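K.L.:
What follows is each chain in one-letter form.
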Amino acid sequence: MAKRLDIKDLNIYYSDFLAVEGVSMAVEPRAVTAFIGPSGCGKSTVIRSLNRMHEVIPGARIEGSIALDGENLYAREVDPVRVRRQIGMVFQRPNPFPTMSIHANVIAGMKLNNKRMSKKQADEIVERSLRGANLWNEVKDRLNRPGSSLSGGQQQRLCIARAIAVQPDVLLMDEPCSALDPISTLAIEDLIGELKQDYTIVIVTHNMQQAARVSDRTAFFNLAGVGQPGRLIEMDATEKIFSNPTEKATEDYISGRFG
Amino acid sequence: MTDVQTPVDIEASLAGRKLTHGKLPRYTPMAVFVGSLVLVGGLLAVLGSFSIPLTVFLGVLLHAVVLLVVTRMVEGGRAAKDRLATTLMYSAFGLALIPLISLMWTVLQNGLKRFDLYFLTYTMRGVFGGMDAGGAYHAIIGTLEITLFATLISVPIGLLTAVYLVEYGPTRLGKAITFFVDVMTGIPSIVAGLFAYALFVLFFGPGVRMGVVGSVALSVLMIPVVVRATEEMLKLVPNELREAAYALGVPKWLTIVKVVLRTAAAGIVTGVMLAIARIIGETAPLLLTVGVVNSANFDLFDGRMMTLPVYVYRQYSQGFAPNGITTINYDRAWAAALTLILIVMLLFAVARLVSRFFAPKTGRR
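Sequence order for the protein chains is Y and W.
Note that numbering that gives the first Met the number 0 numbers the first sequence so that position 176 is 175, with each residue one more than the last.
Note that numbering that gives the first Met the number 0 numbers the second sequence so that position 174 is 173, with each residue one more than the last.
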């Protein structure tokens with residue numbers, strides 16, 4: 000499990016619009032990497048290109064390379080579906096499948112792929128994943144209830160359980176707490192701390208305290224102006240970024256003197 | 000603080016900011032309504048020109064005016080407008096209900112005369128003149144078979160078209176398809192019948208009469224309705240669900256089959272039912288392609304079949320019988336009309352159950 004990602008000279012386009020330019024970075028395994036930066040700077044675009052979700056949008060494409068343990072994800076013979084099986088994703092808004100129970104939502108990754116498994120196996124995966132997402136104790140008595148019957152924070156943890164049920168190598172989280180209250184946020188932050196033992200985690204967040212709390216390394220993105228492409232300004236150990244950043248733009252942003 | 004307010008200004012602004020205002024009792028609209036009716040009715044009776052429609056019409060008018068004035072005096076202008084809008088909406092609702100209730104009433108009144116188990120289980124074979132016999136069994140069989148087969152043709156084509164339009168995007172081909180689907184919606188049903196007939200003549204020669212020709216004609220009418228309904232339903236499926244499935248490494252086709260179509264299933268079932276309701280009463284194309292027959296024919300691929308709308312038309316066009324029960328043809332036509340309405344209602348009841356079963360589980364029951 001837990002593989003590293005190497006991004007080199009990444010340019011990302013929406014049709015003709017260059018949204019992100021010249022990003023190169025390494026994402027270390029078994030660590031949490033946080034992406035911070037103002038809105039529109041391309042953090043979400045970058046994270047979505049890491050598991051080839053970017054190209055789901057019509058007209059979207061990239062240049063450059065992203066390698067998972069040395070294997071280029073954008074090589075011609077790579078199947079994006081296989082990439083997504085190894086690099087899971089949790090979205091900003093919790094999105095459990097509304098037609099499925101909690102149980103079915105957790106094993107959706109297998110179920111939707113028509114993978115055969117015994118009931119015992121399925122139950123094991125459900126319990127392991129829900130325990131992994133710190134949700135088991137809250138839902139173990141109502142696994143057959145619809146996933147949408149849970150609260151927002153529980154739904155988001157259900158989505159995390161669903162993502163880790165397929166045992167990916169990397170877990171991408173695109174602002175996973177922005178729709179949640181502080182208590183649910185705390186639960187998810189604790190969970191991220193536990194998950195990094197086994198997974199490579201990339202998290203996009205607008206909350207700088209959160210980046211400081213959960214991440215080992217932080218990447219700061221910025222854009223020169225409206226209509227300009229976003230760029231990676233600097234990336235370093237989180238303590239360094241938040242105490243003594245190299246770039247002035249980073250310091251301005253984290254200290255609130257942005258713009 | 001250059002602008003000093005006079006005491007009068009403060010008084011006025013305070014009056015405008017009061018939270019309370021006059022309130023009429025809750026039964027006011029009802030009381031005014033009943034009062035208006037009684038008043039108008041009484042007045043008309045005195046004048047000697049009493050009639051129910053006129054009373055209701057003038058009563059509603061008086062009700063609207065009185066309520067408007069009373070509310071305006073007690074509760075103020077905004078509440079008066081609210082009452083007026085309410086009156087308008089209820090009147091429009093009542094007006095829309097009149098034809099529906101009148102239709103149901105007429106069909107029930109005329110149809111029940113001959114509507115019984117005998118009517119549902121006997122054909123018109125060997126029935127002539129004013130004989131106290133004959134039923135619509137063969138027409139029910141024909142309608143059910145032809146409609147079912149038309150549905151079997153239309154639903155896969157319509158569903159796949161809609162999936163293409165929504166999931167595979169707004170390409171130039173997609174736009175062309177949308178345009179032609181819209182054009183198809185406007186095809187007159189008799190033209191659809193002619194088309195199906197001409198198509199089968201190519202293979203079977205002139206004079207071909209088969210149930211399946213009718214099914215093809217009906218599916219020409221049904222496909223655009225299914226496409227439109229399904230398209231709208233698929234567009235309602237949130238993109239987040241598609242992305243959630245993709246992010247789990249689910250291929251696009253499985254995402255469409257197991258997430259998108261599954262989530263939209265309830266709406267699609269309803270859409271298909273509406274399409275069936277649209278075509279089950281078609282007469283012209285069936286008269287042209289399937290023809291008329293007096294005995295039961297279960298074989299869609301061989302020979303003429305009777306259908307309920309054509310049966311209604313046929314019976315009605317025969318007019319009074321020369322002997323026996325002279326109105327028998329009209330009675331049979333109404334009974335068949337009632338049967339058709341009942342079939343549609345039954346289908347909708349089943350569709351309701353099915354779509355409830357498929358509906359996304361929401362809430363915290």
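Certain hints may be false.
Once the Cα atoms are required to be at most 27 Å apart in a straight line, the calculated DSSO-like pairs of lysine-lysine come out as [stated by the list, open to error]:
{"hint": "1", "chain 1": "Y", "residue 1": "Lys114", "chain 2": "W", "residue 2": "Lys257"}
{"hint": "2", "chain 1": "W", "residue 1": "Lys257", "chain 2": "Y", "residue 2": "Lys110"}
{"hint": "3", "chain 1": "W", "residue 1": "Lys174", "chain 2": "W", "residue 2": "Lys251"}
Away from chain Y, derived, C-beta distances all over 12 Å, residues of chain W [claimed, not checked]:
{"hint": "4", "residue": "Leu253"}
{"hint": "5", "residue": "Gly323"}
{"hint": "6", "residue": "Tyr329"}
Far from chain W, some chain Y residues (derived; all Cβ distances over 10 Å) [to be verified]:
{"hint": "7", "residue": "Met24"}
{"hint": "8", "residue": "Asp68"}
{"hint": "9", "residue": "Cys158"}
Just so you know, these hints were derived from the structure itself, not from any lab.
All of these numbers come straight from a predicted model, not from anything done at the bench.
All residues carry an ideal CB built from backbone N, CA and C; glycine is no exception.
K.L.:
For each hint, tell me whether it holds in the structure or not.
P.N.:
Results of checking the hints against the structure:
1. Lys114/Y - Lys257/W: 13 Å, holds
2. Lys257/W - Lys110/Y: Holds - the C-alpha atoms of Lys110/Y and Lys257/W are around 9 Å apart, at most 27 Å.
3. Lys174/W - Lys251/W: 22 Å, holds
4. Leu253: 6 Å, violated
5. Gly323: Non-interface label stands for Gly323/W: nearest chain Y Cβ at 59 Å, farther than 12 Å.
6. Tyr329: Holds, because the least Cβ-Cβ distance between Tyr329/W and chain Y comes to about 50 Å, which exceeds 12 Å.
7. Met24: 21 Å, holds
8. Asp68: Asp68/Y is indeed farther than 10 Å from all Cβ atoms of chain W, at 17 Å.
9. Cys158: Incorrect as stated: the minimum Cβ-Cβ distance to chain W is 7 Å, not above 10 Å.
Comparing the model with each earlier hint shows violations of hints 4 and 9; every other hint is respected.
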